[in-house]
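Number of protein chains: 4
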Amino acid sequence: MSKLAVAILGASGYTGAELVRLLARHPGVDIRVLTADRKAGQEMAAAFPHLSSLALPTLTSIGDVDFQTVDVVFCALPHGTTQEVVAALPRSVKVVDLSADFRLYDCAAYAQWYGHPHQAPDLQKEAVYGLTEFSRAQVKAARLVANPGCYPTCAQLPLIPLLTAGAIADEFIVIDAKSGVSGAGRAAKEANLYCEVTEGLHAYGIGSHRHLPEIEQGLSLAVNRRLEVSFTPHLIPMSRGMLATIYVKAKAGLKADDLRALLAERYRDEPFVQVLAKDVIPATRNVRGSNFCHVNVFDDRVRGRAIVVSAIDNLVKGASGQAIQNFNLMAGFDETTALDQQPLFP
Amino acid sequence: MSKLAVAILGASGYTGAELVRLLARHPGVDIRVLTADRKAGQEMAAAFPHLSSLALPTLTSIGDVDFQTVDVVFCALPHGTTQEVVAALPRSVKVVDLSADFRLYDCAAYAQWYGHPHQAPDLQKEAVYGLTEFSRAQVKAARLVANPGCYPTCAQLPLIPLLTAGAIADEFIVIDAKSGVSGAGRAAKEANLYCEVTEGLHAYGIGSHRHLPEIEQGLSLAVNRRLEVSFTPHLIPMSRGMLATIYVKAKAGLKADDLRALLAERYRDEPFVQVLAKDVIPATRNVRGSNFCHVNVFDDRVRGRAIVVSAIDNLVKGASGQAIQNFNLMAGFDETTALDQQPLFP
Amino acid sequence: MSKLAVAILGASGYTGAELVRLLARHPGVDIRVLTADRKAGQEMAAAFPHLSSLALPTLTSIGDVDFQTVDVVFCALPHGTTQEVVAALPRSVKVVDLSADFRLYDCAAYAQWYGHPHQAPDLQKEAVYGLTEFSRAQVKAARLVANPGCYPTCAQLPLIPLLTAGAIADEFIVIDAKSGVSGAGRAAKEANLYCEVTEGLHAYGIGSHRHLPEIEQGLSLAVNRRLEVSFTPHLIPMSRGMLATIYVKAKAGLKADDLRALLAERYRDEPFVQVLAKDVIPATRNVRGSNFCHVNVFDDRVRGRAIVVSAIDNLVKGASGQAIQNFNLMAGFDETTALDQQPLFP
Amino acid sequence: MSKLAVAILGASGYTGAELVRLLARHPGVDIRVLTADRKAGQEMAAAFPHLSSLALPTLTSIGDVDFQTVDVVFCALPHGTTQEVVAALPRSVKVVDLSADFRLYDCAAYAQWYGHPHQAPDLQKEAVYGLTEFSRAQVKAARLVANPGCYPTCAQLPLIPLLTAGAIADEFIVIDAKSGVSGAGRAAKEANLYCEVTEGLHAYGIGSHRHLPEIEQGLSLAVNRRLEVSFTPHLIPMSRGMLATIYVKAKAGLKADDLRALLAERYRDEPFVQVLAKDVIPATRNVRGSNFCHVNVFDDRVRGRAIVVSAIDNLVKGASGQAIQNFNLMAGFDETTALDQQPLFP
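Chains as they are written, first to last, in the working numbering: chain A, 1183 to 1528; chain B, 1183 to 1528; chain C, 1183 to 1528; chain D, 1183 to 1528.
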């Protein structure tokens, strides 16, 4: 079998490295191009010594890549820089974009939340939002997949089935989310220094995080009416991992057991979404390094409320793992290819 | 000035050690007795080498203490063991109890949440719940102060003024709380091993944590009607620190600015509660090792909702620091004595 | 191809779980038995929720296992308990023992360091010390492999080639070693609680660690004369990882470049030992979760001395990974089977 | 008593903040000036929210300070920038310099190790190297004190008494040192990001760290002959703390007990250097936040060798605490003023 020629743009960031780590075991992939504009000319092993056992192409600039020789591009570039890059690619190239640049269907909403006009509104029309478990058919047929954000993945996986089943109320959805530091990327910022992060936590982006419209878009489209949610992210002293604690109001006397059963039924055949047994609380360390999402539901003491908990690895199911899951669909591989590794604990 | 003879019961636990650390600088205190039943006969420096520069009494058993020679007892014993100990003390001894044994005014509620009948219901009647900022007069006159739990301290400090001012609705209070691991104590349990905790997080005690009735008691008494809240604690990979992210519904068109102003007014002269400037987000690392509580309020994007954030050090304002604050009042010292150290960062 | 029936004894510890994590991807293995005496009757997913996606046998007691149905046993039991267990196994069963029970060829030395007589001196005679890169032929033929300790693996891999080549002096070998906390196992001990370990470090077992005779045995056998080394282990606030900083005296004017070249030549065809490029410093995070050992050599400023640095994951190359490497040889699989995963970073 | 007017230059770095934290409790100090060129105009509470309860001057540029109104300057500026700043100060101002700019008595050695000529060789002549326990008389009389580096403090405190007593051999001193990340400062560098540091360790500056000549200068001057040492620093995933594990050769049959007794005698009346009891191993967490140095000595198994272990908080005894200790001497305060806080554990 001839392998697909893959380019990873933005390979010197954490999601780029994670794509390489996972694709290294993909039997149908040949990593042909790695770009990193600031580190162009370096070996990947200089940027990421943990990958030094792999034979990989030297880091190069995007401008130096001949994309005619590439079958698939994974874009792991900073938000706001991807639209023009993708627009310049040959139509023959399939794209999985890990940035936020194609996630909002509404270009006006994009402009409002990201502070500048959308640079490729025509491409936006063909972009498929790749929350894999809910868009398999479209992803298979897509040329351009907008890979979901980490928080939106973690929140939508449990909420969409509950909402579409009419099991919870629209007007009471509070998502308190917690993320590891790798979600902030590898850029050198004082706020992300070890000493600034370890042994403490804080909320950030309160009421204003850019994943908020993405979550609301997904939930609203699922039920075909406009939904609003409260959403607060927190920065936790850990590299990887994301937990969403979601407070909901159950409808019609439904209890946690009912909601769990509903989710278990929905995800019974899904390889990566695991609804845990009654009373087992999801923990980020149990999905670390893997593409799994662990979900469960608990009764609140306030009558009628339930608490939904969802855990992922933000760099895998929340970024590079889901990107490969989508790629597998687009390219005709088994969806789990290269994603069968168990979580790393401790 | 003659110093008060102080006994610390349960000195081999984290709150016990924290009492010693802080009281070491108290000019009116002579630490005369340290008990630790399992480690009786050891030097305190063997249990806590960080205190090895202090001249301290050898650890002893409670049964071997002559409490007639003691003026004040700090009880830092496990929950459920304190009622009988306190009941056996001479009436001349003042007590600050850091356990949960005297926090619930209603002995029936105690029995329900703690699984056994209250062992000292008469003492319960005289116990004063020592959330210092709201009970100064009673604490000054008290013989037995029930020192609040860490979560209840962190949640009540911002919520009580908002509720008593009628600024937020009773029926929508969601407290998503996060704690460092020292809150779980020093007992050797697999779940609290380094490898089980580092680089990950999870919720626990969902809908069933024992601090829930304590929070509801405090809020209900403040407004003189029965309140219910959603409350979920999480274990964070850090030794110290506690953050409460509280989702509320503001009344009558009030915005975050209004709620902040209300809190700022209430706490203007308080030495330990700091209402931060607009947009400054509380972080646990900014109160580490200190008796401060940092509070702020933010507008949610869902119209009418606000997000209140509160940070303390669970071992200080959430335990030993507030205990000393209460002791200072009971014994006639300036309330801030021995509590004037700045937070330790980084 | 029929799969080999594998039993893992001590499956509720970290090395047991790590064997399961890695063997889950081994095409020739069927995990048939998992034992854990204290947790017998529990599902493996209860002990290790990160493995909950796997279909695994229920945890059982060793006494309840019918070893006639088992082809291979991995022993991950505490030190001192394995000799009798292995002695009771049918001769048809091959054994990889991860404990220290069969690592010292000299039973008198064993008795001296471990405080009790060796319980199976006859078995000891047939045990092969499985530092794979130096004992392939013997391991292939072995029934019982004593899997090396983590520190001995980390220290011997760089030192043996340098000593056998006569490149460094016998009388000046100082091994300052640092380990993650998982090396201490999963037993609930106060000293290994999160709060006792995080954000600090200390040496332990100074001059008396049981890996010392194992290191000296390996080095002495390599050069066929009695060698002594200084060796001090340290506990580092991290779950996984081990680093050895080794101070040596180079012979005959040899420089770090010469020593590195010598190691590079020795390990050129080895799949798991990587001699890094000049000036690249090994770091534990670059081998985390993998079976790699990263090694390099640097000139000291004191003329004639060199500093050798070696990094492994203590749970993989230092325990379960090397055990599988040995198993692959014993069972005729490619040596790298199930060990091809890249390190997990960040 | 009128207070001394103090200026802290470089107040937005960790050592600057640590000076403020400690001096906040100094009864003889008025913090009059805080400089931070890049953050000039900001409040100190913006740079360091943990200090927000203090009334502090706004951050300003050095160029805007009227040093005629200042009694004492603490320089916490980056290495290489201090010589010119100090040279420009009025002679009436006393200076404690926390940078490396005045630590090497030999300006040629400075030029060699720091890569540029010394900018103030005349000032260098009057600078006193302030390892307090060994230079009290000179510090009291000094106008300019060069505050020792963290590694040199940690290594010299145990080694100088052993060397001057002739208890250990010159030719065998191996210092394997480990530091928390705060030693790298607050500059935003990729290498110091949380994700790059947590859960791993590595050596750095092997054979080339700039604290090496400082250590050798101090030891050589102590014994009045040229000494060389092996010295390797390591970066540990913790904010604060430093441990030196020092391998030495004892002379004339001396054992660890003899070396410990010698150190205990030397430091008996020192307030900050604690020689621990036999077998008690120093740990960084036991000195965190304090000005203590914990020291002990252990027998190696190699006959004639001993292992000395020394622990400090790199930001306190290794920087700002020792600076205040020196300042107290220069200004006539009790040496322990503002340094009496106990370590913070956990």
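One or more hints might be untrue.
Chain copies aren't distinguished; within one or between two, either way the pair holds.
Keeping only pairs whose Cα atoms sit at most 35 Å apart, straight-line, the calculated DSBU-like set for lysine-lysine is [said to hold, decoys possible]:
{"hint": "1", "residue 1": "1431", "residue 2": "1185"}
{"hint": "2", "residue 1": "1371", "residue 2": "1460"}
{"hint": "3", "residue 1": "1221", "residue 2": "1433"}
{"hint": "4", "residue 1": "1307", "residue 2": "1460"}
{"hint": "5", "residue 1": "1437", "residue 2": "1221"}
{"hint": "6", "residue 1": "1460", "residue 2": "1437"}
{"hint": "7", "residue 1": "1221", "residue 2": "1371"}
{"hint": "8", "residue 1": "1185", "residue 2": "1221"}
{"hint": "9", "residue 1": "1433", "residue 2": "1371"}
{"hint": "10", "residue 1": "1221", "residue 2": "1322"}
{"hint": "11", "residue 1": "1185", "residue 2": "1437"}
{"hint": "12", "residue 1": "1433", "residue 2": "1460"}
{"hint": "13", "residue 1": "1221", "residue 2": "1431"}
{"hint": "14", "residue 1": "1433", "residue 2": "1185"}
{"hint": "15", "residue 1": "1371", "residue 2": "1437"}
{"hint": "16", "residue 1": "1371", "residue 2": "1322"}
{"hint": "17", "residue 1": "1460", "residue 2": "1431"}
{"hint": "18", "residue 1": "1371", "residue 2": "1185"}
{"hint": "19", "residue 1": "1437", "residue 2": "1307"}
{"hint": "20", "residue 1": "1221", "residue 2": "1460"}
{"hint": "21", "residue 1": "1307", "residue 2": "1221"}
Derived from the structure by calculation, the hints contain no laboratory data.
Because the structure is a prediction, the values reported are computed rather than measured.
Hints and how they fare:
Taking CA atoms no more than 35 Å apart as the test, residue 1431 paired with residue 1185 passes in neither setting, with 49 Å inside one copy and 50 Å between copies. For the identical chains of this complex, residue 1371 and residue 1460 are inter-copy neighbours only, at 23 Å across copies versus 42 Å inside a copy, given an alpha-carbon limit of 35 Å. With identical chains, the CA atoms of residue 1221 and residue 1433 are never at most 35 Å apart, being 54 Å at best within one copy and 39 Å at best between copies. Within a single copy, residue 1307 and residue 1460 get their C-alpha atoms no closer than 42 Å, and across copies no closer than 40 Å, so neither meets the 35 Å cut-off.
For the identical chains of this complex, residue 1437 and residue 1221 are inter-copy neighbours only, at 31 Å across copies versus 53 Å inside a copy, given an alpha-carbon limit of 35 Å. In this homomeric assembly, residue 1460 and residue 1437 come within 35 Å of each other (Cα to Cα) only inside a single copy, at 12 Å, whereas the closest approach across copies is 40 Å. Within a single copy, residue 1221 and residue 1371 get their C-alpha atoms as close as 18 Å, and across copies as close as 15 Å, so both meet the 35 Å cut-off. In this assembly of identical chains, the alpha carbons of residue 1185 and residue 1221 lie at most 35 Å apart only when taken from the same copy (27 Å versus 46 Å across copies).
With identical chains, the CA atoms of residue 1433 and residue 1371 are never at most 35 Å apart, being 45 Å at best within one copy and 39 Å at best between copies. For the identical chains of this complex, residue 1221 and residue 1322 are intra-copy neighbours only, at 34 Å inside a copy versus 45 Å across copies, given an alpha-carbon limit of 35 Å. Taking identical chains as interchangeable, the C-alpha atoms of residue 1185 and residue 1437 are never at most 35 Å apart, the minima being 49 Å within one chain and 45 Å between chains. Within a single copy, residue 1433 and residue 1460 get their C-alpha atoms as close as 20 Å, which meets the 35 Å cut-off; across copies the closest is 37 Å, which misses it.
Proximity of residue 1221 to residue 1431 under the C-alpha cut-off of 35 Å is found in neither arrangement, the shortest distances being 50 Å within a copy and 38 Å between copies. When the C-alpha separation of residue 1433 and residue 1185 is checked against a cutoff of 35 Å, the pair qualifies neither within a copy, at 50 Å, nor between copies, at 50 Å. Taking the shortest alpha-carbon separations for residue 1371 and residue 1437, only the inter-copy value of 32 Å comes in at or below 35 Å, while the best intra-copy value is 45 Å. When the C-alpha separation of residue 1371 and residue 1322 is checked against a cutoff of 35 Å, the pair qualifies neither within a copy, at 38 Å, nor between copies, at 41 Å.
In this assembly of identical chains, the alpha carbons of residue 1460 and residue 1431 lie at most 35 Å apart whether taken from the same copy (19 Å) or from different copies (31 Å). For a Cα distance limit of 35 Å, the shortest separation of residue 1371 from residue 1185 qualifies neither inside one copy, at 39 Å, nor across copies, at 38 Å. With identical chains, the CA atoms of residue 1437 and residue 1307 are never at most 35 Å apart, being 40 Å at best within one copy and 38 Å at best between copies. In this assembly of identical chains, residue 1221 and residue 1460 lie within 35 Å of each other by CA distance solely across copies; the values are 20 Å between and 49 Å within a copy.
Taking CA atoms no more than 35 Å apart as the test, residue 1307 paired with residue 1221 passes inside one copy only; the shortest distance there is 33 Å, against 44 Å between copies.
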